[in-house]
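Here this note's numbering is used: the sequence shown runs in plain steps of one and ends on residue 213.
Derived from the structure by calculation, the hints contain no laboratory data.
Among the hints, erroneous ones may be present.
Label-pair restraints from in silico Cβ distances [stated by the list, open to error]:
(1) 114 / 192: 19 to 29 Å
(2) 115 / 137: 31 to 41 Å
(3) 155 / 207: 16 to 26 Å
(4) 188 / 106: 14 to 24 Å
(5) 120 / 160: 49 to 59 Å
(6) 78 / 116: 40 to 50 Å
(7) 178 / 137: 48 to 58 Å
(8) 170 / 119: 23 to 33 Å
(9) 164 / 130: 35 to 45 Å
(10) 160 / 212: 44 to 54 Å
Here are the simulated lysine-lysine pairs, DSS-like style, with alpha carbons at most 25 Å apart [unchecked claim]:
(11) 136 / 115
(12) 111 / 136
(13) 124 / 111
(14) 124 / 136
Glycine residues also receive a C-beta, built at the ideal position from the N, C-alpha and C atoms.
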Amino acid sequence: MSLILALALLAVPADPTPEALALGVRLAETGTLSSLIPNIVAEEREKLVAKFPELSDADKAALRATADETGKAQTARLMAAMGRRYAETLSIEDLRALVAFNESPAAVRWRAATPGAILGAMEAVGDPNFQENARKAFCAKTGKACTPR
């Protein structure tokens, strides 16, 4: 029993150093997800505003501003959580190297191109609804599950 407890304690990651935490957050903030979040927030914000057509233009502007504030706060929490996970799982040397790359001019240009590349790829590939496409393929093969749910 004590051997199992000792092994379990070894599996628990040590608290990351302040440097590792800072590098982890920088890595998260300069990663691919961070380049996508502004587009996601903007799309979700406009969907939210569209749900309330009765609002005046001033109220819609206020709702947009509130949604942007909420998006910034949620993004900050997400980047901190991702940063912690990076700090817990990557070595300090890896964190330094990854942050150096992510902050390089080439990586900055890559991230700027990423949202457009993803949208272009999605348009080229077509309908990304995996569950529906898999259900249709299964229906075509077996004649079963042909009614969408």
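Each hint, compared with the structure:
no.: 1; hint: 114 / 192: 19 to 29 Å; in the structure: holds (22 Å)
no.: 2; hint: 115 / 137: 31 to 41 Å; in the structure: violated (21 Å)
no.: 3; hint: 155 / 207: 16 to 26 Å; in the structure: violated (53 Å)
no.: 4; hint: 188 / 106: 14 to 24 Å; in the structure: holds (22 Å)
no.: 5; hint: 120 / 160: 49 to 59 Å; in the structure: holds (51 Å)
no.: 6; hint: 78 / 116: 40 to 50 Å; in the structure: holds (48 Å)
no.: 7; hint: 178 / 137: 48 to 58 Å; in the structure: violated (23 Å)
no.: 8; hint: 170 / 119: 23 to 33 Å; in the structure: violated (44 Å)
no.: 9; hint: 164 / 130: 35 to 45 Å; in the structure: holds (37 Å)
no.: 10; hint: 160 / 212: 44 to 54 Å; in the structure: holds (50 Å)
no.: 11; hint: 136 / 115; in the structure: holds (21 Å)
no.: 12; hint: 111 / 136; in the structure: holds (17 Å)
no.: 13; hint: 124 / 111; in the structure: holds (12 Å)
no.: 14; hint: 124 / 136; in the structure: holds (18 Å)
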